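Asker: With these hints in hand, go ahead and build the complete structure from the sequences.
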Amino acid sequence: MDDTWVIIPLYNEEDVIADVILDVREKFPQVVCIDDGSTDGSADAAAAAGARVVRHPFNLGQGAALQTGFQFTLADPSMKYVVTFDADGQHQIADVVGMVERLRAGEAEVVFGSRFMDDRTKANFAKKMVLRAAVGYTNLTTNTRLTDAHNGLRAISRRVVAQLDITQNRMAHASELVAQIGASKAVYVEHPVHILYTDYSKAKGQSLWNSINILADLMLR
Amino acid sequence: MKIVAIQLVLIVAVVVVAVRLLRGRGARTQAVRRLGLLVFAALAAWSILFPSVVTSFARLVGVGRGTDMVLYALVVAFLSFTLTTFGRFHDFETRYTKLARRLALDEAGPPRPSASGSEQQEEPYAGS
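Just so you know, the sequences run in chain order L and P.
Sequential numbering of the first sequence, starting at 1, is according to my numbering.
Sequential numbering of the second sequence, starting at 1001, is according to my numbering.
Please keep in mind that the hints were generated in silico from the structure rather than gathered at the bench.
Just so you know, these numbers come straight off a predicted model, no measurement behind them.
Ideal Cβ placement from N, Cα and C applies to all residues, glycine included.
Just to be clear, a hint being listed does not mean it is correct.
[As the list claims (entries may be wrong)] DSBU-like cross-link-like pairs, simulated, lysine-lysine; straight-line CA separation at most 35 Å:
hint : chain 1 : residue 1 : chain 2 : residue 2
1    : P       : Lys1098   : L       : Lys127
2    : L       : Lys185    : P       : Lys1098
3    : L       : Lys80     : L       : Lys122
4    : L       : Lys80     : P       : Lys1098
5    : L       : Lys185    : L       : Lys80
6    : L       : Lys128    : L       : Lys80
[Stated by the list, open to error] Okay, the calculated bits of chain L under chain P, using three or more residues with CB under 8 Å as the criterion:
hint : region
7    : 50–57
8    : 65–72
9    : 76–86
Answerer: See below:
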């Protein structure tokens, strides 16, 4: 598992980030947190938990943080796979193990996590509708067929990581990433994952209103 | 023709804005824009002295009053300004994102500190 880097964009998650990192490092020792200008003690907590920390001098957005993570891990010649993982603890490390296994088996070059392939993930109706609409838009505008486009859990092999260039700093990066993978003709699969909507992640999570901002970002680019 | 106070004020304002925009150095491509600006300033001054010019032009293109036509032109100008500004800010954002990323990555150092490249760099300091 030493050839796999877990990239965690980090922004003001002081309370949970240490537990998330300790949990990840049980399976994947190579963890890099991109601290996106947190104003709390997130970066120090992440470093104390054993992650490498790359600090943006000020807040740039999650998409920018992911791209920084890609470039950081590309500088490691022994890196074969990267995993993008959320800092708020809603992703399960067991899912990541399964996703990286599929990359390792050569089944695909990209494995997208999807919360809609089984009914483990409990999302409310409005959230489901918005996410479905987002998938519809992404499928329509990119060269892909997915069931869940805005899932932060992905496993990507080196060749594809090297081709990525995320320029959407804010949340529209998820669609941009899918579009670039679609354009790269890389073989991708989806992997059923369980998103745990805790009270914490619900309070921190995206407002549904933000989907309008995402759409505007995508159309005005 | 009698020059009213407001006409004087407006003409001075147009001239000041035009001079300020024309000053400073720029590439050759800016020349066209600057010529355009001169023409615009002349037209503005002309329309201030002879307000009926705008009205008669408005009639010509089928708009009732000169003020209405100026308003429409303003809306178009404002929208194009908004779009160019949006584009500029986007370019600007791309640049400072790359700059900030470079800083962050340089500060963080290599992903594997024990890798061969950094070991050599650290060697000179090992004995001191």
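Asker: All the hints need checking, so say for each whether the structure fits it.
Answerer: Going through the hints against the structure:
1. Lys1098/P x Lys127/L: Roughly 33 Å between the alpha carbons, so the hint for Lys1098/P and Lys127/L holds.
2. Lys185/L x Lys1098/P: Distance of about 26 Å is within 35 Å: holds.
3. Lys80/L x Lys122/L: It holds: about 33 Å lies between the C-alpha atoms, which stays within 35 Å.
4. Lys80/L x Lys1098/P: holds, 24 Å
5. Lys185/L x Lys80/L: holds, 19 Å
6. Lys128/L x Lys80/L: Judged against 35 Å, a Cα distance of about 34 Å means the pair holds.
7. 50–57: holds (count 6)
8. 65–72: holds (count 4)
9. 76–86: holds (count 4)
Of the numbered hints listed earlier, not one is contradicted by the structure.
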